[in-house]
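Chains A and B, in that order, are what the protein sequence lines are.
Counting from 1, position 305 in the first sequence corresponds to residue 307 in the working numbering; the numbering is continuous, with no gaps.
Counting from 1, position 6 in the second sequence corresponds to residue 1171 in the working numbering; the numbering is continuous, with no gaps.
Take a look, some chain B residues computed to stay more than 12 Å from chain A by CB distance: (1) G1300; (2) P1315; (3) F1316; (4) I1323; (5) N1341; (6) E1345; (7) R1348; (8) D1352.
With a Cα cut of at most 27 Å, we get these calculated DSS-like pairs of lysine-lysine: (9) A:K157 <-> A:K195; (10) A:K529 <-> B:K1335; (11) A:K342 <-> B:K1282.
Restraint-style ranges between C-beta atoms, simulated for each label pair: (12) B:P1269 <-> A:L299: 46 to 54 Å; (13) B:I1264 <-> A:K533: 23 to 31 Å; (14) A:E256 <-> B:P1250: 20 to 28 Å.
What the hints contain is simulated information worked out from the structure, not anything from laboratory work.
Source: prediction; values computed, not measured.
Backbone N, C-alpha and C fix where the C-beta goes; we use that ideal spot for every residue, glycine too.
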Amino acid sequence: MRKELLLGAEAVGQAAIDGGISGVYAYPGTPSTEITEYIQANKVAKEKGINSFWSSNEKTAYEEALGMSYAGKRAMVCMKHVGLNVAADAFVNSAITGIRGGLVVTVADDPSMHSSQNEQDSRFYGKFAMIPVLEPSNQQEAYDMVYDGFELSEKTGLPVMLRITTRLAHSRAGVVKKEPKKEDEVSIPENLKQFLLLPAFARKSYVKLLGKQGQLAELAENSSYNQYIEGDDKSLGIICCGIAFNYLNENYIEKKCPYPVLKISQYPLPEKMIRKIEGECDELLVIEEGYPLLEELLKDFFLKGTKVSGRLDGALPRAGELTPDHVGVALGLRPPVEYKIPEIVANRPPSLCQGCGHQDVYQALNEVVADVGEGRVFSDIGCYALGALPPYETINTCVDMGASVTMAKGAADAGLFPVFTVIGDSTFTHSGITGLLDAVNENVNINVIIVDNETVAMTGGQESSALGNLESICLGVGVDPEHLKVVVPLRKNHNQMVSMIREEMGYDGVSVIIARRPCIQKVAREKKKIKAQKES
Amino acid sequence: MKADIILAGVGGQGILSIAAALGAATLNEGLYLKQAETHGMSQRGGAVVSHLRIADYPIASDLIPLGKADIIISVEPMESLRYLPYLSETGFLVTNEVIFENIPNYPLSEKIFGEIKKLTNFVALNAEQLARDVGNPKASNMVMLGASSPFIEISSEIIEKGIAKVFERKGNLVVNSNIEAFRSGKDYATKYLK
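Using the sequences plus the hints, can you model the full thing?
And the structure:
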């Protein structure tokens, strides 16, 4: 069997193509971006005409995927963990409407916050929505789960969540592909009221969802992804979820793990299997990547029953990504560490690229802030969030996509003057426009700077939904044309930028300055591409 | 057989080209491979690391356990030290000597090389210079791979095939100069050890 070396994220993309999707919907976000990029670049996907354009945000992506499912075709929607917060309304309700064409929701969590503002665990969302959740332990399993996931979705009539984490998404391994499936034909729902969640209909649909829970539990109980591995030493039973299974095995390369092990990769929880391991063993160790979902559930409130260890009692760290070493320590196996990191080794945090236009914006803004006082710059998610670090330290907030505009408005409502917003072009179209509308409707005195590098830069330069439309969007929302300005953030324009910001600060209302210069990485990539085309 | 390799550098230095060459070399040789990469925010000039694991048996973890790495390959000297806890007692550290200074508190280079020289098994080389010498200044990472090859239980023929596969789209000239860079790094390390 020929193996292909694929990132976990790429394996998911390949499986979606082979699984017969007609569309993938997503907004870029680490560590999920490569799924959609893989499908966009795939020759077969292009020939088939699989829809793979970026959506404006995760909510629009989710709804577009649900629409495709409505029309009888298979779809995948992918996002990073915090993206599911944005899509949550559609997500939770899609479990109640149910689906038609198979719908797989791939959510990539980022424990240790390698590139995120939190490390929330999407399995909670899956449980909350009461849908099947699949959690692969390796790249091949990720492929198989997605490939078969569309059928699971159609069989249960529910969206199916695939929960992966950074480590799996961004790690390569050999993956064996399966026979590609055909796409489905477009069709109209047999029940034209299926997707109507008016209270009278929704109550019935909700009862139907509740009624499916027994079937879902049965499926998990019999799933080949959930495995019970016998062990002679019953002093301990180990429950591993997803990738944690590998970290356990890494500690038993030379000899077999002596304890019974339950590997869980399909939810809802396989209750019978859990009862079996609890019944057989004196104590339990729960190893899960993310929050202690299982551990909390199994931990006995009055501490009269079986002892359950894990992230809550300190056997494993409460925060951050697991490693084989953490698991080894929890099992009493110490890593054979010979060397320490020498003290002279300095941290090397990420920083804005040399020559990036954001640097020029921050230099100008810092000059204004020096006069009016610190603590007034509301910013957002993107490369420009690096303006929080030295040498700039310009921005004071970075909370969630689009929050810069709305938090600035709230602060202005509270009486703070002046207030500034720094938001990227793509973050603005993701979730900034509605906030700007709020500010315009009340004519609040905020100074919005859209740092427009004409791309989604942090995630690798995807097409920004804002491209070419920022001015018309702002005017359409109702920004006064007199107070919509454009500037090129370059060192030679420093004085122009400073006076422009000062001038707009003096205007009692919403002003928008678009600081537009293409991302230098994007420009470099395009030059390289042109060169490569010329050469070939 | 197993090779647990830590690849280290700074975002933008292209450490993944080393992993790609080894990956292309080993995948269809009946070997197993896992390779964890750094994507996202750190790629903007931050410290980046890749865990590359090759074995003739199925590999469990995507991450190398502490104290188990057979080799650290670093394209930047300070970064080579950051991952020392991963190095096994008998492991080798192979590092580029050329400093990448993009932080204000970068330590004195004498101190960095002082720490490197405390190790029993190490090779330090100027990969940029060696790459220029073979006429392809962009091939410094293949020099690094070459300098590491004596410590990896995979034959140079197979690695060279991997290099050829990675660069084949760019034409014979590029393939050959990268293979030359690989050989030059290998020669350097062989002489260095004698």
